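Asks: Protein chains in written order, with the working numbering: chain A, 40 to 140; chain B, 10 to 721; chain C, 73 to 243; chain D, 1277 to 1608.
Any given hint could turn out to be false.
[Unchecked claim] Here are the simulated DSS-like pairs of lysine-lysine, each with C-alpha atoms no more than 27 angstroms apart in a straight line:
| no. | chain 1 | residue 1 | chain 2 | residue 2 |
| --- | --- | --- | --- | --- |
| 1 | C | LYS97 | A | LYS127 |
| 2 | B | LYS595 | B | LYS667 |
| 3 | A | LYS127 | D | LYS1350 |
| 4 | D | LYS1308 | C | LYS97 |
| 5 | A | LYS127 | C | LYS240 |
| 6 | B | LYS387 | B | LYS181 |
Simulated from the structure, these hints should not be mistaken for laboratory data. Quick caveat: nothing in here was measured; it's all calculated off a predicted structure.
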Amino acid sequence: MEITPAHYTVLSAALFTIGVIGVLVRRNIIIIFMAIELMLNAVNINLVAHAQQVENLVGQVFVVFVIAVAAAEAAVGLGIILAFYRNKETVNIDEMNVMRW
Amino acid sequence: MDLIWLIPVLPGIGAALNGLLGIRYFSKPVAAAIACATMGGALLLSIFAFAQLLGAEHREHVVTLAHWIPPIPLQTVDGLGAFEAPWAFRLDPLSGMMILIVSGIGFLIHLYSSSYMDHEPRGGYVRFFCYLNLFCFFMLTLVLGSTFLVMFVGWEGVGLCSYLLIGFWYHKKSAADAGKKAFVVNRVGDFGFVLGVFLIFFTFGTIDFREVAEAASQMPVESAAFGVLSTICLLLFVGAVGKSAQIPLYVWLPDAMEGPTPVSALIHAATMVTAGVYMVGRNAVLFSHAPMVMTIVAVVGGVTALMAATIGLVQTDIKKVLAYSTVSQLGYMFLATGVGAFGAGAFHLMTHAFFKALLFLGSGSVIHAMNDEQDMQKMGNMKLYMPTTFITMFVGALAIAGVPGLSGFFSKDEILAKTFVASPWLWGLAVVTAGMTAFYMFRLIFMTFFGEYRGPKWGGDAEGQADGDHAAAADDHGHDGAHVWHGPHESPKLMTVPLMILAVGAAVAGYVGIPPIIGDFVGVGNAIEHFLEPSFVAESAALAEEGEHAVAHLSHVVEFGLMAFSVLIAGLGIALAYHLYVRRPKRAVELAENWAGAHRVLTNKYYVDEAYNSTVIKGTMGSARGLWAVDRNVVDGAVNGAGWLTRALSWVSHVLDKYVVDGLVNLAAWICAEGSYIFRRGQTGLIQNYAVATLFGVFACATAFLVVRFMG
Amino acid sequence: MAETIVFYTLSVLILGLAILVVTAKNAVHSVVALVMTFLCVAALYVVLEAEFLAVIQILVYAGGIVVLYLFVVMLVNLGRSPEEHQDPRRLSVFGLGLAGAMLLEVAGIVVYSYNRSASTVTAPAAASPVQGNTQELGWLLYTDYLIPFELASVLLLVAMVGAIVLAKRDL
Amino acid sequence: MLDTVFWPLVKIVVLLNAVMISVTFMTLLERKVIAWAQSRLGPMRVGPYGVLQAFADPIKLMTKEDITPANADKMMFTLAPILSLVPAFVVFAVIPFGDDPLYYVADINVGLLFLISVTSIGVYGIILAGWASNSKYPLLAGLRASAQLISYEIAVTMTLVSVILTAGTLSMVEIVEAQRETGWWIGFIQPVAFVLVLIGGLAETNRAPFDMPEAEQELTGGFHTEYSGMRFGLFFLAEYANMIVISAVVVVLFWGGWLRPFPSVGALALLDYIPSWIWMFSKMFLVLYLFIWIRATLPRYRYDQLMRIGWKVLIPIAIANVVITAVVKVLL
């Protein structure tokens, strides 16, 4: 059976869904971040697969940008987590509600 | 000549340095050095500029430094005019002479002051030099200014410096009051001056001296009617009267003697007070076109000369004598300008600057020697203790008395001659004044330097000790605060050298203006009059028509007679003084007792101050009180009534606000607050719930897509 | 055939490890699973003829970002599990169901779409003056996508500054 | 199938065995060289001049008891040495040891990048080993080691960019070919880059003077304190394999790989009769000897000094080098 972009898309959707579930269910914010990385990777797989399908490298260019943005996001996000942890001694997202109301 | 703007600016820099930094940081020698150096620089520049001016073909040079006020459209008599004021300086013969006088005498007085003011604490010393430099800055601006406005800057500036310096010892109430008096009296004059400048702009559309003079020279001479030119001149003359201490505004000058003596010499004898004469001379063309005002000027000058001289006869304070003498001599200058002899006035201005500065500095030296004693009755026989001061002052007195060969003789004689042509009555006044001048000056000399020593005793030192010791003592006694007096002594070199230079000046300055009678004989013309002429005369057709009477010359015989007569009068005055104060001192006292009424009037200066006090000052105060009462009862009452009304209204408004408006607002807020309870439940602060909501939105979209695709 | 085997193997690995990432109790285990996932994704890129991206994926993700996560996990080494406290109002179960439903929907849409238009019309890429995956990618990045590329560098700089500011106790 | 699967597999097996054997002799060489540097004899008992010591050590490690601490995270504890060893071996795939395809496993067009990225995975082994031991010294050492590796990886990668610019390719084989074509070894063109890569290589392999993660005096042995037996042996193997990789990389990038000296001078053509892999191995040996020499000579850095040098000296110099190289490249 030939592997079509549809396969990659479904794989990507599955990976993305796992990421979504991680974001929605876990309470450790670091793991939530990791789940977000999973989602980004799912998107990347999609982009690369379709770039190959249409024989156009623009998709890969976008992956490069996604990776750059992911790096920036990780740096700042983890910085925030560390700063928060220093003040509140927790990484539980349920306890991060000081800005509510 | 393009650097003439530096002449005023240099002392300005000195003042800024001393004023901004010096009072906190500079030591006495540094401050004095800065002040003297800047003045010396100004003097050098003035000499160079003057030399170049002598060599120049066209004896007028204008340097525009910057545009101060850009052209502003203002209403004039012929439509809109552009009011424009550049920072422009004008060097012509008149201002050239003035900058030489101001910077030269200013420099000498700076030198003199550096020693004279040595008793001052450091701060006061530096402050003094700051003021002095500032004064020179403004005075040079005044004389170099090319427009009325620049001149006015200097005019007001010197007034300010005069105020500051008169009140230099501000802790002394009399000094502070004298400064205030000078300032207020000057305001009256300045008011006239400013009005005059306004009228000039309104009439001519410009305030540049040259342009105004050219415009005025095209207008007819107002010999019959009192026209606009006459009004301008009268207003300007009011300014001159204030600044140059003429009747009725002379009262501030005697009081101004409260200031330090170098200040009196520089400001209140040599330079500032002559600004009025300079200003009238500067506007000679205008004044020539207003003969009626000229008459007023001449009469005011003559009467002032005589009146001040009579007061001077009986004063016992050495500086007061000199002050009244100054007023009197200024009267002379106005007399000269009033009869159209602008050159003679300016000439006298110059010679007077020399000998009066000399006399003031000499008196300062004496006062210094007498431990700040100013009363001549407590002096006497000072020639023994301070020969240099005596000789130089004696030269000055001879010069002012008009003894032939010295400067005062030439200038005074020229004024007398010109006055005789214009009006023998005024000449009579002037001659009597000349006699009195000789008398009171030599009364001063004789009371101070001759006779017996009448002053207080001093400890320890034997009388008549060698002068050198005292000079040495004078050098070091300035250093300690508790200044112990060792008896009268000669002043230090820094003070006597300027005296000597000025004495030489007083002796020889007259030779630039040798009168025709002698000049023709020796073959020398009247250099200064010829030199100054371009400043006073414009190409005036109108004037040329009526010019005959102004330029009429005297025959040599008459002139010689007049000269001989005035010399005789002066000699009589000197002789009388010698008789009364050296030969028979008791006779003077008897005379005063016999003529007690007149003596009292003169001693009290004709009760002018009292008269002003009871009329002008009382009147002003009374009306002020009246206005105050009106203010308090009527105006305040109205204001308070308005206030009460406002409060009453605001109370009503407050009630409305509190119960009606606030009620509505609170109601709205209450509704929001109650309503928000329902919605607040959704705001859990759980970010994942929000994400679920987002996901639900995506889900809904996808479902909608599917539904549309497959069902629809 | 070979591609099919490789694809399915990698898919199973990716999804399995991803599930491990999300479910692991210990955060360090999550991180290790994440690294593995990324390595498998890199392998998938190689299959998709994107060698450069594969290498970059390893270099940046596995070698850089995830090390950062590991660091933070170790620095935030808690005495109590961060999962202990649970807000009663969370909608986790609902979210879980919703995500599953989403997956089904998307899969349905994808399958349906690809079945309907089996072969998509491909827009052939403009002829590139260079050969090879890396070179062509570089060419695109430095010509057509130069400005986004530079912006990305600025973004990274800003992120770096921000991270330092956030993480440093006292500046 | 034979060419795509079988022969590469044979080459991989041969290569891995060669690496492991050379590691054993590396340990012997190191002990001997350091001993000579310290006027000692070193191991002398096992075999003539202690040559067989190279086999005695691995046998000892393999036969020792393999202890897992009670509170350790067992899965990670087992995974860590593997994670450490695998990248060290994987990179050998792209290193060309000679001019013929026979002498290398694969020539991929992003070879250098592949090398960099795979070595960057090695840090997980160290950091996880430290964490999984559930002991404070290994944890500290693991954190230190990973921080050090990441820091110096940046410097080395930046430096390699300038080499790539000079050679104009990412493929290891083509880099060597480029040096043959220009006739200049890149080490002569980029001496600064060479020094930077050498220093960075020392740091990345945790060699003296950057052997902070295993500083015995401070950390009682480093991240592998709790390891024993063959698991410790794996770390050991990984470290020395990494050293060999670094030496190979230095030789390939800077000193002409398998090329004879002065490849452009025709007069030395007779040197071509010596097989290319001998040139390669002799150059690698020199570099390895230099590493051991440095270890015997230089004292250890303090941790803060190490990080400061990495961030404040090496990285700025590396960036400057890239900029200068780029400018020169554009101008020429």
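Asks: Checking each numbered hint in turn, tell me which of them this model violates, lowest number first.
Replies: 2, 3, 4
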